[in-house]
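Can you build the whole structure from these sequences, using the hints too?
Residue numbers (numbering that gives the first Met the number 0), protein chains in the order written: chain A, 0 to 288; chain B, 0 to 288; chain C, 0 to 288; chain D, 0 to 288.
These are computed hints drawn from the structure, not numbers from a lab.
The structure presented is a predicted model; accordingly, all values stated were derived computationally and were not measured.
Worth double-checking, as some hints may not be accurate.
[Said to hold, decoys possible] Each pair of labels, with its calculated beta carbon distance range:
{"hint": "1", "chain 1": "D", "residue 1": "R221", "chain 2": "A", "residue 2": "G74", "range": "53 to 63 angstroms"}
{"hint": "2", "chain 1": "B", "residue 1": "Q20", "chain 2": "A", "residue 2": "N203", "range": "39 to 49 angstroms"}
{"hint": "3", "chain 1": "B", "residue 1": "A94", "chain 2": "A", "residue 2": "A220", "range": "27 to 37 angstroms"}
{"hint": "4", "chain 1": "A", "residue 1": "S31", "chain 2": "C", "residue 2": "D1", "range": "51 to 61 angstroms"}
{"hint": "5", "chain 1": "B", "residue 1": "A207", "chain 2": "D", "residue 2": "A68", "range": "30 to 40 angstroms"}
Just so it is clear, CB atoms sit at the ideal spot from N, CA and C, and this is done for glycine as well.
4 protein chains.
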Amino acid sequence: MDVGFIGMGRMGRGMAARLAQEGHRVRAWNRSPEAAQGIPGVTAVGTAAEAFTGDAAISMLADDAALEAVVVQGGLLDGAGRPAVHLGMSTISVALAERLTAIHGRAGVPYVSAPVFGRPDVAEAGKLNIVAAGPDAAIAAAAPLLDAMGAKTWRYGEEPKRANAVKLAGNFMLVAAIEAMGEACAFTEGHGVKGGDFLDLMTNTIFASPVYKNYGAAIAARRYEPPGFGLRLGAKDIRLALQAAETAGVPMPFASVLRDGLIEAMSHGDADKDLAALAEVSARRRGKG
Amino acid sequence: MDVGFIGMGRMGRGMAARLAQEGHRVRAWNRSPEAAQGIPGVTAVGTAAEAFTGDAAISMLADDAALEAVVVQGGLLDGAGRPAVHLGMSTISVALAERLTAIHGRAGVPYVSAPVFGRPDVAEAGKLNIVAAGPDAAIAAAAPLLDAMGAKTWRYGEEPKRANAVKLAGNFMLVAAIEAMGEACAFTEGHGVKGGDFLDLMTNTIFASPVYKNYGAAIAARRYEPPGFGLRLGAKDIRLALQAAETAGVPMPFASVLRDGLIEAMSHGDADKDLAALAEVSARRRGKG
Amino acid sequence: MDVGFIGMGRMGRGMAARLAQEGHRVRAWNRSPEAAQGIPGVTAVGTAAEAFTGDAAISMLADDAALEAVVVQGGLLDGAGRPAVHLGMSTISVALAERLTAIHGRAGVPYVSAPVFGRPDVAEAGKLNIVAAGPDAAIAAAAPLLDAMGAKTWRYGEEPKRANAVKLAGNFMLVAAIEAMGEACAFTEGHGVKGGDFLDLMTNTIFASPVYKNYGAAIAARRYEPPGFGLRLGAKDIRLALQAAETAGVPMPFASVLRDGLIEAMSHGDADKDLAALAEVSARRRGKG
Amino acid sequence: MDVGFIGMGRMGRGMAARLAQEGHRVRAWNRSPEAAQGIPGVTAVGTAAEAFTGDAAISMLADDAALEAVVVQGGLLDGAGRPAVHLGMSTISVALAERLTAIHGRAGVPYVSAPVFGRPDVAEAGKLNIVAAGPDAAIAAAAPLLDAMGAKTWRYGEEPKRANAVKLAGNFMLVAAIEAMGEACAFTEGHGVKGGDFLDLMTNTIFASPVYKNYGAAIAARRYEPPGFGLRLGAKDIRLALQAAETAGVPMPFASVLRDGLIEAMSHGDADKDLAALAEVSARRRGKG
Chain A
0 MDVGFIGMGR MGRGMAARLA QEGHRVRAWN RSPEAAQGIP GVTAVGTAAE
50 AFTGDAAISM LADDAALEAV VVQGGLLDGA GRPAVHLGMS TISVALAERL
100 TAIHGRAGVP YVSAPVFGRP DVAEAGKLNI VAAGPDAAIA AAAPLLDAMG
150 AKTWRYGEEP KRANAVKLAG NFMLVAAIEA MGEACAFTEG HGVKGGDFLD
200 LMTNTIFASP VYKNYGAAIA ARRYEPPGFG LRLGAKDIRL ALQAAETAGV
250 PMPFASVLRD GLIEAMSHGD ADKDLAALAE VSARRRGKG
Chain B
0 MDVGFIGMGR MGRGMAARLA QEGHRVRAWN RSPEAAQGIP GVTAVGTAAE
50 AFTGDAAISM LADDAALEAV VVQGGLLDGA GRPAVHLGMS TISVALAERL
100 TAIHGRAGVP YVSAPVFGRP DVAEAGKLNI VAAGPDAAIA AAAPLLDAMG
150 AKTWRYGEEP KRANAVKLAG NFMLVAAIEA MGEACAFTEG HGVKGGDFLD
200 LMTNTIFASP VYKNYGAAIA ARRYEPPGFG LRLGAKDIRL ALQAAETAGV
250 PMPFASVLRD GLIEAMSHGD ADKDLAALAE VSARRRGKG
Chain C
0 MDVGFIGMGR MGRGMAARLA QEGHRVRAWN RSPEAAQGIP GVTAVGTAAE
50 AFTGDAAISM LADDAALEAV VVQGGLLDGA GRPAVHLGMS TISVALAERL
100 TAIHGRAGVP YVSAPVFGRP DVAEAGKLNI VAAGPDAAIA AAAPLLDAMG
150 AKTWRYGEEP KRANAVKLAG NFMLVAAIEA MGEACAFTEG HGVKGGDFLD
200 LMTNTIFASP VYKNYGAAIA ARRYEPPGFG LRLGAKDIRL ALQAAETAGV
250 PMPFASVLRD GLIEAMSHGD ADKDLAALAE VSARRRGKG
Chain D
0 MDVGFIGMGR MGRGMAARLA QEGHRVRAWN RSPEAAQGIP GVTAVGTAAE
50 AFTGDAAISM LADDAALEAV VVQGGLLDGA GRPAVHLGMS TISVALAERL
100 TAIHGRAGVP YVSAPVFGRP DVAEAGKLNI VAAGPDAAIA AAAPLLDAMG
150 AKTWRYGEEP KRANAVKLAG NFMLVAAIEA MGEACAFTEG HGVKGGDFLD
200 LMTNTIFASP VYKNYGAAIA ARRYEPPGFG LRLGAKDIRL ALQAAETAGV
250 PMPFASVLRD GLIEAMSHGD ADKDLAALAE VSARRRGKG
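Okay, here's the thing in structure tokens:
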């Protein structure tokens, strides 16, 4: 397929490379142009509009502000050569997903929310878990692209925002798992057991899953750099989850604890470290930070 | 080996049966005597003292009060035919473990804390994860028993209470996982996505571990009876964790949220349901309980 | 002085009436025009621009959105007959205060943030506590107006947003007091003591202050209608406080608890009741709602 | 009246002195005897039993453990010359109050729970607020003593534990007020407003009550020594409140936040400072501790 890709961050580059590798023709655009260059099989283009055309356009940007700047304020939907479908794969707010759905509807461009679970190396390998919601026909049309990028596409109906809600709920669970490990390690260390020795048991038995293994290893080693998933981004996702929770009338006390902990982490200089550094908050609170 | 077993609850019965099956001679005692009968290869005895003798004695009782009643108030350590080692496998407080260590020390009976992870069916299969701390020689002597009951024995040094701290930290993580799923499902349902559809994704990908799969399935189906791990017992474990955290000077905001949620669950009649019923608190708080 | 007043809600009407009573010439505008009529000594005008002129303009609107719609999108600052000073007395976000400061700066209109503590009857009596921050000269010029409306004007320097931060911090303390009373009453009632009997002691001794007396009486009687300060507005203020706290890097666990409680209250149908209805959340959680 | 007084801490000394001043004959006992000496009009006695006799005995000890050691383990109720009534004025757990009620009942000594609000200087002035529950006849008989020590006696029925529940609920509200001020000050300081300048407004207007004025002044000055009400004691009271809340099935999220904050304060070396030092936790969490 002929696909335009907007946003060549670490995730976007991996996904675009994978698409090219699987035989798709990829035009890529990025705000700072150098990031769009040198990806095997991917053609860099000079404007977002040149990427927002073809059989499909894919956007993978850092946050609401970036996506709004490019798509809404950038007037992409007013252009002539609009794509047959827009796959919005960024982790954005439920509210923006609703707004984008309305805007695309008026412009006659099918919009699919399709955020993903997986880090850049998983993206390169085409093994992402893709959470998709939007018009069935549009998702069906984009299936070759989704199949190229993902191990599996999980479908959540025709209302795009639902995919974003699922993504935010998943990231909430991830941050909650880190906090739980952080508190548990502070607790066992208070009783003479190294956090790593405790987590070794947990992450090899009843909690033997990727999230616990990966973040548990970082917490055990107190190794938070270079960041895989930056703490500031995690804080943003919890903020988005709390906003969407309020809209839906859902109290989330765990998410509130996470919010306070992440703010504390950032106020102590850990914003640019890995999200696993949230565990340092628990250590500091017991006087051993 | 010649072993006495005190406490024939669901876990104790499974463990005793497994020991007998592996060729050990087991004498079993239970407060209400019928529970000690009819276990293949296990001889019921009439008093706790008859079980507290031999190559090893194992205790597996419901809580601090039960263990104190039998061992301390029951004067077991004053008796003549004391065992070569006492394996305390109940989930008890760190404080009681310290007290038992001191009492056994004065009586000259080696004490090993050896709480376990695993449900009754896992106990029957001899596949428990055993968390052991105590004198090396005592643990070595008991190795044939530990090997018979467990898939693996995880060692945490010579100070028995450390094993209890590890067990409580693990149960804290378990309850935290349930709360995280409960809040996440309330959130996605507030946005039109069934909790089960959301958890299907999570528990088959980044959270694919026994805890998330088992409790996630119960939460998705809102099926909390019969209880596997009763909510009241879970509340007890969180209480013990909070007490031991205070002793060690460790704030645990997640554990505090769990405490409040479990109390709310019990005040709404769910004390005797499965721990997974904690998720109903999140549903109720959003007005859909 | 010749003053224009934008926003004739319950607070605005009381303040405008008081100004007229004290000898000032008041032109008043409200989105729904009838609210601006029939106030002794106050002249209703047909457009916001007609009120945004003279020796001073005062705005007292419900929230950020209302103020932005009238002042920013309404283009008031582009008009010809702009006022000598704008007193922004609404309870708005710190972020909007900063934005308004910048916009007014470019337009050459001095901006003073001057939110207030006090209910409508206090406004009518001219006994408000006014929290003012902005250019000294502008506050001095507006002194006759501030003196007419308030018992005292509390000054917080030249940076307008500081007054808004103080107002939000004060409202946070107010909602926290309500929550504390709600939990305390649930606690005493759980032990057989009526909430009202308990609060009678507290609010006449160590907590003998207006906030505790007023809200305590409502909680004791479980009387939440008609609302004095609506729960939905209180929830908005906590949201604004949390946002401004995040900007400033300040964790606020009490505010997080309040946020969750207020969402729960609204999800159970209490959004339009008095803020004191937050206490019902504590009652419900213990199974007696 | 002829009264024995057990416990000559700072509160007990003030109360005993006041009783003597009002014409009562006071025999006083303290574990470390020097504290019972040199109080005008008060006779020091050598054993608790000598104080546990007469028209009334009053106990005012630091905590559950101290009271249990003296009254229960000390066997006071087995003695011959028992008092006509025992006024238990210590701040103790609801559970111990229930146990003491049962024990006194069996011994035939009327027991009245009568904890107080007020600091040592208030005790000396005879201006305490006394919270009393117990048999009407016993309270009536003790009225001259209560009147001598207190500005007012607040009655909560015949079940002694209710007075203890009221006292714990009051102390919970007090600690919650400190936390609210601590968070609010961290918030305003994050926006450039000194905590003291903010609290000056609050504690002279809508929060003008003794608790806010006293603790607010300490927080504004960051002056936590010498302690008036020690942080460790406050932490004990929150622990007792949480225990009694659990017994009664009452979730208390604010109390849980307080528990975590107080533990954090103690882990950072503030256990022996004034309770107001809880505010330092908020400052530290924002990176300015």
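For each hint, the structure was consulted:
Range check, R221 of chain D to G74 of chain A: about 54 angstroms between beta-carbon atoms, so the 53 to 63 angstroms window is met. For Q20 of chain B and N203 of chain A, the hinted distance range of 39 to 49 angstroms is not satisfied, since their beta carbons lie about 26 angstroms from each other. For A94 of chain B and A220 of chain A, the hinted distance range of 27 to 37 angstroms is satisfied, since their beta carbons lie about 31 angstroms from each other. Restraint check, S31 of chain A to D1 of chain C: a C-beta distance of roughly 54 angstroms satisfies the suggested window 51 to 61 angstroms.
The beta-carbon spacing between A207 of chain B and A68 of chain D, approximately 54 angstroms, falls outside the hinted interval of 30 to 40 angstroms.
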